Amino acid sequence: MKRIAAIVLAGMAFSAHAAFFSDDEARQQINELRVQAQKTEERLTQLEAVSKQSIELLNQLEKLREDLAGLQGKIEVLQFNQDEAVKRQKDLYVDLDTRVRNIELAKQQAVQAEEKAKTERQADELKQLDAGVKLVKSGKNKEGIAILAKFAKDNPDSPKHAEALYWMGAGHAAMKNYKAANQAFGQVANKAADDPRAPDALLGLASVAMAQKDKKGARKYLLLIVEKYPQSEAAVTAKKALMAN
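According to mature numbering (1 follows the signal peptide of the UniProt record, and there is no 0), the residues represented by the sequence shown are -18 to -1, 1 to 227, in order.
Some hints here could point you the wrong way.
Stated by the list, open to error - Pairwise CB distance ranges (calculated):
hint	residue 1	residue 2	range
1	Asp106	Asn84	27 to 33 Å
2	Pro212	Gln165	24 to 30 Å
3	Leu74	Gln104	42 to 48 Å
4	Arg9	Asp49	54 to 60 Å
5	Arg25	Asp5	28 to 34 Å
6	Val218	Ala128	29 to 35 Å
7	Lys100	Ala156	31 to 37 Å
8	Glu96	Pro138	16 to 22 Å
9	Met225	Lys100	42 to 48 Å
10	Lys161	Glu96	39 to 45 Å
Think of the hints as simulated: they come from the structure by calculation, not from any bench.
All figures in this text were calculated on a predicted structure; none of them were measured in a lab.
Glycine residues also receive a C-beta, built at the ideal position from the N, C-alpha and C atoms.
All chains, please: the whole structure from these sequences, using the hints.
Okay, structure coming up:
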């Protein structure tokens, strides 16, 4: 009986020891799990913080993308406006250049037309002058004088104006219309002294004076020719006339 009791007591002691051992192990496991749970919670907290930061970064990135898109849109608008401005400026330059060229062309054409008209006018004037001179030389003084008088009146600034007056004087002298001859020759001698016909006009005045028996007057004109136009053909004639008288 005592043996049985001892065995029972021993068994009970073993069971109590085993139960005590199992409880410590469980506590250890619980502690380990708690530590693991705490670490997991800390990791979760960190992940949540990182995730929150990532979301903020994503939001910032999205905002930057929107801003970039807006800037690109503005750049495209500015580039378009610049291209349009350059195109308008180029078109304006081309238009202005075309207008300037047209104006220059019109001016050139106008000058050419004026020169052509002037040349034609001068040609007509010369024909008129030549016709009058030929008539005077052929003895048709009245007809020649009429043409020359019209030429002189219509072309007071013509370089041939003195030429016309000279031949008018010659025609009047041939018709013994000495007053008119002196007037025509005098205009050349006094108002066109640098014209090649000036010494001939003085010779004409001398000739008219001789025709009117005015030797003194004739000599005055002859001396004036020699003095003012010593290299002219009229001077040679004047010298001969002076020597003869």
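Structure-based check of each hint:
1. Distance hint check: the CB atoms of Asp106 and Asn84 are about 32 Å apart, consistent with the given range 27 to 33 Å.
2. Separated by about 27 Å at the C-beta atoms, Pro212 and Gln165 satisfy the suggested range of 24 to 30 Å.
3. Remark: the range hint 42 to 48 Å for Leu74 to Gln104 is upheld by a beta-carbon distance near 44 Å.
4. Against the hinted window of 54 to 60 Å, the Cβ-Cβ separation of Arg9 and Asp49 comes to about 59 Å, which satisfies the hint.
5. Remark: the range hint 28 to 34 Å for Arg25 to Asp5 is upheld by a beta-carbon distance near 30 Å.
6. A C-beta distance of roughly 33 Å is found between Val218 and Ala128, which places it inside the suggested range of 29 to 35 Å.
7. Taken as a hint, the range 31 to 37 Å holds for the pair Lys100 and Ala156, whose Cβ atoms sit roughly 33 Å apart.
8. Between Glu96 and Pro138 the CB atoms are about 19 Å apart, so this pair conforms to the stated range of 16 to 22 Å.
9. Range check, Met225 to Lys100: Cβ separation about 46 Å, and the 42 to 48 Å hint holds.
10. Under the hint 39 to 45 Å, the C-beta atoms of Lys161 and Glu96, about 40 Å apart, fit the expected range.
When held up to the earlier numbered hints, the structure conflicts with none and fits them all.
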